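K.L.:
So you can see what is in the structure, the chains are spelled out below.
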Amino acid sequence: DVKVTQSSRYLVKRTGEKVFLECVQDMDHENMFWYRQDPGLGLRLIYFSYDVKMKEKGDIPEGYSVSREKKERFSLILESASTNQTSMYLCASSFRPGQGRYEQYFGPGTRLTVT
Amino acid sequence: EDQVTQSPEALRLQEGESSSLNCSYTVSGLRGLFWYRQDPGKGPEFLFTLYSAGEEKEKERLKATLTKKESFLHITAPKPEDSATYLCAVQAPDDKIIFGKGTRLHILP
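Chains as they are written, first to last, in the numbering used here: chain A, 1 to 115; chain B, 1 to 109.
Don't read these hints as lab results, they were simulated from the structure. If you're wondering where the values come from, they're calculated on a predicted model, not measured in any experiment. Please note that the accuracy of each hint is not assured.
If the Cβ cut is set under 10 Å, some of the chain A residues that face chain B in the computed set are [to be verified]:
(1) Q6
(2) G16
(3) L45
(4) F106
As a list, the in silico EDC-like pairs of lysine to aspartate or glutamate whose alpha-carbon atoms are at most 20 Å apart [claimed, not checked]:
(5) K55/A - D39/B
(6) K79/B - D39/B
(7) K42/B - E22/A
(8) K96/B - E103/A
(9) K59/B - E103/A
(10) K63/B - E103/A
All residues carry an ideal CB built from backbone N, CA and C; glycine is no exception.
Isolated chain A (complex conformation) (with noise of 0.2 Å):
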């Protein structure tokens, strides 16, 4: 079975704190994303990464950096964050598309409250 992890179900930040959020897969996939998810707005793509130091810009971008050093690993970083980055937010992977299996694999969310 396919396994995405994430470092927290559940964090707390003051606004300005830098924050991580770790997310590992065990499925050798090349792609992995990081969505956020708010209530009647859906899944928004933030960034998404197609090999190792490699990054593309989402729909959401702004406030937001990544950080892709080993293949199953990929990182969300909110530099300085804001009480609108309150947030569900969740990772994902999949194969390359070509590989005939494109479907993405999420891991279970971090819930991120920022006071």
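Given the coordinates of chain A, assemble chain B onto it according to the supplied hints.
P.N.:
Then chain B, alone, in the frame of chain A:
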């Protein structure tokens, strides 16, 4: 603009009352359509991938079908444990994944 629209937004059914959820899309050159189940406070769980019109996939009480403009997730004789939000996503020709906002399904015992 590529879009994915799911309907209804919410659906309440009695246990055993079969129904269908709809996912319509405007993507040209669809490369794949995905269904996920999401329980409250958890990440989405992959259910099915459909690649071409006419294709069907089944899993327990769920059956997904695909046409050139939409997909249906049919739920036969649902049980309370089928209560969840069901998400649809499409893979566009540029491999971008576009998610719908989901249908919240509640099965009453």
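K.L.:
Give me the numbers of the hints this structure contradicts, sorted from smallest to largest.
P.N.:
As far as the earlier hints go, 2 and 5 are violated by this structure, in ascending order.
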